[in-house]
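**Student:** As a plain string of letters, each chain reads:
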Amino acid sequence: MKIKTIVELLQARVICGVDQLESEVKNGFASDLMSDVLTLDTDHLVLLTGLSNLQVIRTAEMADIFCIVIVRGKRVTKEMHHLAEENRIVLIETPYSMFRAISVLHDGGLNAVY
Amino acid sequence: MEFRYEIEGGNFSRAGHASSAVKKILKQLNVDNKVIKRVVVALYEGEVNVVAHAEKGSMMVDIDEQRIRIRIEDSGPGIPDIDLAMQAGFSTASAAVREMGFGAGMGLPNMKKNTDQMHVTSEVGKGTQVEMITWFRQ
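Residue numbers (our numbering), protein chains in the order written: chain D, 1 to 114; chain S, 1001 to 1138.
Source of the hints: derived by calculation from the structure; they are not laboratory data. Misleading hints may appear alongside valid ones.
As the list claims (entries may be wrong) - Each computed PhoX-like pair below joins lysine-lysine, with the alpha-carbon atoms no more than 25 Å apart: (1) D:78 <-> D:26; (2) D:2 <-> S:1112; (3) S:1112 <-> S:1024; (4) D:26 <-> D:2; (5) D:2 <-> S:1034; (6) D:26 <-> S:1034; (7) S:1024 <-> D:78; (8) S:1037 <-> D:26; (9) S:1037 <-> S:1024.
Claimed, not checked - Simulated DEER-style distance windows between Cβ atoms: (10) D:24 <-> S:1001: 34 to 42 Å; (11) S:1069 <-> D:79: 26 to 34 Å; (12) D:72 <-> S:1002: 25 to 33 Å.
Stated by the list, open to error - Sample of chain D residues lacking proximity to chain S, with all beta carbon distances greater than 12 Å (derived): (13) 58; (14) 98; (15) 111.
From the three backbone atoms N, C-alpha and C, an ideal C-beta is built for every residue, glycine too.
Model the full assembly from the supplied sequences, consistent with the hints where possible.
**Tutor:** Shown next as structure tokens:
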């Protein structure tokens, strides 16, 4: 699934990484627990999370995740924005709840990691 | 090549700086991306552990052509029972740490999973030392 499709399906706002909207992700993973995210060894992943802090971006940086969706209308901080830009990570905000965002993306054809 | 980074206990806004710096070095050295990911995930978990539990710590990194050797040391409460701490799901993390998305008791087991050799020593009331080795050719 292209990142631009994710943006459309989630009625989302792109905070940074607009030049990467044509990139493809293969799987989705949803968690507010970064320790769980760090156990994955899947590539081309989109991470959905309700956690909005700097460690989400750091976790994505370490785990080579290049697209993060922040759910439940939470706002991205300036520090998160800068760190995401520095690491070429696409950062997206959606007003949808975690459950709704996952349902919409799954219906759209995005697969689970496991 | 040897590098040393200081880690500040309790400062979550800086957690990940050292791991990020090591990731950049490994990329410059053209290490395989899958190996880089294993190394930096283990490093980052270790760095977060120091930030979450200790007053301060340091990360020593020694890289040669074949492997990376990392030693993380901290001054902190130490681990009374290392075998228990290695069990997935066991955690003594504070509510503040959990709010940051950590403290689920996955750190040490995930570090072990992502390194070829890991050795933990600890003294209660003094601190903890973790040594990890990962080979570049898997």
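**Student:** For each hint, tell me whether it holds in the structure or not.
**Tutor:** Evaluation of the provided hints:
Only pairs whose Cα atoms come within 25 Å are accepted, and residue 78 (chain D) paired with residue 26 (chain D) is rejected, the gap being roughly 28 Å. The suggested pairing of residue 2 (chain D) with residue 1112 (chain S) is violated, with an alpha-carbon distance near 34 Å, which exceeds 25 Å. Proximity of residue 1112 (chain S) to residue 1024 (chain S) is assessed by CA-CA distance (about 22 Å); at most 25 Å being required, the pair is judged to hold. In summary, the hint linking residue 26 (chain D) to residue 2 (chain D) is supported, as the alpha carbons are separated by about 9 Å, within the 25 Å threshold.
At most 25 Å may separate the alpha-carbon atoms for a hinted pair to count; residue 2 (chain D) and residue 1034 (chain S) meet this at roughly 23 Å. Of the pairs offered as hints, the one joining residue 26 (chain D) and residue 1034 (chain S) holds, with about 17 Å between alpha carbons and a cut-off of 25 Å not exceeded. For the hint pairing residue 1024 (chain S) with residue 78 (chain D), the CA-to-CA distance comes to about 23 Å; that is within 25 Å, so the pair holds. For the given pair, residue 1037 (chain S) sits about 18 Å from residue 26 (chain D) by alpha-carbon distance, which is consistent with the 25 Å threshold.
This hinted pair checks out: residue 1037 (chain S) and residue 1024 (chain S) have alpha carbons roughly 11 Å apart, not beyond 25 Å. Here the CB-CB span from residue 24 (chain D) to residue 1001 (chain S) is close to 36 Å, well matched to the stated 34 to 42 Å. At about 32 Å, the beta-carbon gap between residue 1069 (chain S) and residue 79 (chain D) stays in the expected band of 26 to 34 Å. A hinted range of 25 to 33 Å is violated for the C-beta pair residue 72 (chain D) and residue 1002 (chain S), which are about 44 Å apart.
With a cut of 12 Å on Cβ distances, residue 58 (chain D) falls inside the contact zone with chain S, its closest approach being about 4 Å. At roughly 14 Å from the closest C-beta of chain S, the C-beta of residue 98 (chain D) stays outside 12 Å, upholding its exclusion from the interface. Every Cβ of chain S is farther than 12 Å from the Cβ of residue 111 (chain D); the closest lies at roughly 21 Å, confirming the non-interface assignment.
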